[in-house]
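2 protein chains.
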Amino acid sequence: MKDRHLLVDVALGRINADKVVVNGEFLDVATGRIRKGVNIAIKGERIAKIGNIDDTIGSETEVIDAEGMIVTPGFVDSHYHIESSRLSPRRHAQLTLPYGTTSLFEGSHEMANCLGLDGVKYFLDEAKDLPQRIYVALSSATPPTPFERTGGYIGGAEAREALQWENVAGIGEIMDFTNLFGHEDRLWSVMEAGLEAGKLLEGHATPEPPEADAFMATGISSTHFTGNREQALALLERGCFLEIKARDSRDALRGLVEAGIDWQMVGICVDDRPAELTRKIGLLDYEMKIAMEEGLDPVTTYQLATINNARHWHLEHDIGLVAPGRYADMLFVSDLEKIKIDKVFTGGEMVAEKGKLTANISIPPAPAYVRHSIKIPKPLTAEDFQVEAPHYDDTVNAAVLPARYFSDDLAPITTTLPVKNGFVQRDLSRDINKIAIVNRHGKGLGVSFWKVGYQRGAVASSVLHDSHNISVIGANDSDMATAVNRVAEIEGGIVVVNNGKILAEISLPIGGIMTDRPLDEVVAALDKINMEVDKLEPSELGEHPVDSQTFIFLTCFPWGIVLTDLGLFNTRTGEKIPAVW
Amino acid sequence: MKDRHLLVDVALGRINADKVVVNGEFLDVATGRIRKGVNIAIKGERIAKIGNIDDTIGSETEVIDAEGMIVTPGFVDSHYHIESSRLSPRRHAQLTLPYGTTSLFEGSHEMANCLGLDGVKYFLDEAKDLPQRIYVALSSATPPTPFERTGGYIGGAEAREALQWENVAGIGEIMDFTNLFGHEDRLWSVMEAGLEAGKLLEGHATPEPPEADAFMATGISSTHFTGNREQALALLERGCFLEIKARDSRDALRGLVEAGIDWQMVGICVDDRPAELTRKIGLLDYEMKIAMEEGLDPVTTYQLATINNARHWHLEHDIGLVAPGRYADMLFVSDLEKIKIDKVFTGGEMVAEKGKLTANISIPPAPAYVRHSIKIPKPLTAEDFQVEAPHYDDTVNAAVLPARYFSDDLAPITTTLPVKNGFVQRDLSRDINKIAIVNRHGKGLGVSFWKVGYQRGAVASSVLHDSHNISVIGANDSDMATAVNRVAEIEGGIVVVNNGKILAEISLPIGGIMTDRPLDEVVAALDKINMEVDKLEPSELGEHPVDSQTFIFLTCFPWGIVLTDLGLFNTRTGEKIPAVW
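The listed protein sequences correspond, in order, to chains A and B.
Numbering of the first sequence is given in the working numbering, commencing with residue 1 and proceeding in unit increments.
Numbering of the second sequence is given in the working numbering, commencing with residue 1 and proceeding in unit increments.
Heads up, some of the hints might be wrong.
Between beta-carbon pairs, the in silico distance windows are [what the hints assert, rightly or not]:
{"no.": "1", "chain 1": "A", "residue 1": "P377", "chain 2": "B", "residue 2": "E161", "range": "48 to 54 Å"}
{"no.": "2", "chain 1": "B", "residue 1": "K36", "chain 2": "A", "residue 2": "A524", "range": "56 to 62 Å"}
{"no.": "3", "chain 1": "B", "residue 1": "E161", "chain 2": "A", "residue 2": "R14", "range": "54 to 60 Å"}
With a Cα cut of at most 35 Å, we get these calculated DSBU-like pairs of lysine-lysine [unchecked claim]:
{"no.": "4", "chain 1": "B", "residue 1": "K36", "chain 2": "B", "residue 2": "K289"}
{"no.": "5", "chain 1": "A", "residue 1": "K289", "chain 2": "A", "residue 2": "K340"}
{"no.": "6", "chain 1": "A", "residue 1": "K378", "chain 2": "A", "residue 2": "K289"}
{"no.": "7", "chain 1": "A", "residue 1": "K36", "chain 2": "B", "residue 2": "K280"}
{"no.": "8", "chain 1": "B", "residue 1": "K340", "chain 2": "B", "residue 2": "K501"}
{"no.": "9", "chain 1": "B", "residue 1": "K280", "chain 2": "B", "residue 2": "K356"}
{"no.": "10", "chain 1": "B", "residue 1": "K2", "chain 2": "A", "residue 2": "K576"}
{"no.": "11", "chain 1": "A", "residue 1": "K420", "chain 2": "A", "residue 2": "K576"}
{"no.": "12", "chain 1": "B", "residue 1": "K354", "chain 2": "B", "residue 2": "K289"}
{"no.": "13", "chain 1": "A", "residue 1": "K354", "chain 2": "A", "residue 2": "K338"}
{"no.": "14", "chain 1": "B", "residue 1": "K36", "chain 2": "A", "residue 2": "K289"}
{"no.": "15", "chain 1": "B", "residue 1": "K576", "chain 2": "A", "residue 2": "K2"}
These are computed hints drawn from the structure, not numbers from a lab.
Only a predicted model underlies this, so the values are computations on that prediction, with no experimental measurement involved.
We put the beta carbon where it would ideally sit given N, CA and C, even for glycine.
Isolated chain A (complex conformation) (with noise of 0.2 Å):
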């Protein structure tokens, strides 16, 4: 509590402040409003005195004028994933600290599904001197579900555990709806430690009525909302924290600013971002504009992304406005419903003007632990990938699925497959390829038929929401061999390989799902993989092919039948359905 005496000191004018910010406006976020004549004083990390400071000035004091600017609080992101953005989290500090993002709330479970607990402690050993807070979700989804072998296992005695480390703020991102109303052990066992150590329960998507009554009833307290105006009132009705993602919410918010409601149980967040989409469309600040542009006014705009997540995570002593006590994590902005942010400042020092990064963030080696996270034993080979027909017809039957599938009904996705050899075959005039689900940890694999699109070559990539096994599209089973094992070599990443040969690739060494190399670089290789993917023509997978590799296979949703390491899954009833019968 040293430091919250130096703090008292200052207040009382016994001794000077370190910096003092003088000649700005200042966006109370308490009260909802915009003063003049607000100077703020800090020591250290922290503010120590605001009002008239004028006593807690000495010769030794920096004076920063901040004539012309809105001083507000640094922006809270109450649900994200560095994850998404390909970096690791020192990388990804650099890239975000420019949009004003000083403190997130990190959902954990990516990595805890590839490292188990040493993925959660990652980032808090990552945001050690980092001019970044990093606050952390403790996975509630390490296995996602029990369908499918992770690198992890977080029960309740290992959620008690991480619980009492510094800076876990609660459990993250509670989605596994089927087991979540199935009372499953191991999911309930680790909310219940969440609620036993006095932490918040965090859910996942947007659930309605009478599902939204479950949800809450659980202990959850709030979700990362995407939905509409009537889903947004039915869950703020029910005590639901709402974490708006407003690019895909505007008629909720329009819906909510049209009410006329109290806002305090809204807040605001990213969850998901490509750092190459960060870098053209930013992050809050691009969400708060949304929210403006749907009629909210822009001081509720700016609690929405301050003190309401603050207070929505418990933390609104340390973090989420601009007074005494707190952090001194603030934003100068020069215009506050364009969000044009001047300065940043972390902890009292300026990490960022005019969109550059000022602050000197050190890339240091990524430790031990999170690296050669890809533990195949030994390579694969065509072979592994065959599927062995049923009986000695010269047809099967077979599922075969199409990106999602939001039925348990197997009628329409039954096809027939030609077999050779005893083995059942692909059949690419009908856009009919092979997928396999490979546990990175050594444990086998699932295999089965999907109406993707890809004429040839294979796409593997160890990026899997949310086991993060490896996944792997191919047009013939050697090239889906070769893509395995080169993601292997490379300690996991994205990699393409056409008639034996790798066309693009990248090295994803960090839990095999994150990179500390520069931006620059990171873009230029998924650009590569973009290009080359594109070439083998996979027809079925959207714009975005290799993204959508990396989602379709999520367990956690009742979508109804998916592909996991195990084999193919009812997610909806647990029930394990052959791949060709």
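With chain A held as given, fit chain B onto it using these hints.
Just chain B, lined up with the frame of chain A:
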């Protein structure tokens, strides 16, 4: 989590609700709207579902008709002292549930100063199976200041222990400004324990800048507020959650309404209220009516007493809203603005109707550990109260204090007093009387002269904020001894004596400050005490001399000079002052 499993099952229509509430209007405090057609399904103690709940009604389901009523959350008092009612927690619940207070945050330092952590534990023990939720704010004030000795000691280690107990919600009422701003070890260790446990620090009173800055810089989150609009806005702007005591803060309420603030950082509380006054005016309902008189709209007023207080204490997943997952603590209100409470429910059970308690709240014998808390080893005698003259003159100088003294300048209160047989004498002609604070744990006493009136007799009380040692004011030493000895005999309480005869008394055997006797009996005893005291002519102690006697020895606020069991102290400097010289 089994109870939450059942809630999920009700929400999803798998099993029926225990009870449903239908036909009422619904106060949605999350968005601040009143809605129709929102019915409520209850399972066990909690709410399972709201909205359309028809599918939860089975033949066993109790249907509660709320026709003509608005259903609101039960009131949550964010800062309260049960002890001020003089009633035990269970007796207090009998009195207060009809006023709609279903949850309260108990300050706990009174009992902690009587009994240490046992005094804190008592509230939690009494709350078991009680249909009023008692959350404890752990005493920061045991002892209140280093200038006095009490029956307990809560430092960092003790705080860390108690913060693990269920329903200990934070650190209560940090009020020793001298030692707060002086970085005193014990107090700051307790605060550190609170922050480390992820709990709130509650402040006290109404500091103004720059003390308001220093106050918030310590990590404190809130204060129970009495003051004007400028003081309110200054604290809010500094990120302080305001628990407004409405009847002492009309200008602040009016001013905040006029300023058009966002009210999310404002709640409402009662703090202290004698039982007989509660019966006359009410509790939060009374404070809320004042807020509405000052222009606050009714819906916001209810938010202050429900969701806002619950969110401040980080307990919005349990209390403060009528929503799935929360305790079914509800009020049926027939007139929102007049706060006509027709029915009160706690945990789904009706506990009061039309102002009458309907719950069966048993009063088991007070546990042994809160009894016999006055431990004076042998009866005192008149000699114990004699003040020796420091020299052989006929008169001495004496600091003769008025009831409250807001200065540390001795000159205005220095007078001469006669000496007889080597002992300094009172001067009743000038209303100068003797006061002693007797350490209730047998560790001696402090004596000095005060200008408080009383022409005869003595009044002793073991209710003495915040040490709860025994204060005795007396016109003669013999009556003083008799009064204190009787207080000890009856295990604490208030005793009025004249000429060696007990004129009136009340026994407060629970910690020496509370009783579990019925309210009517308590009020009758207090009435008798007040009547007999008036006959003794306490000319200088205001309208309520016995109440004044319990408050004028507070050491926590830097009044100036005050008497403790260790003698006279300057509370601003910590310096000890001789009573006579």
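Hint numbers the structure violates, sorted upward?
3, 6, 7, 8
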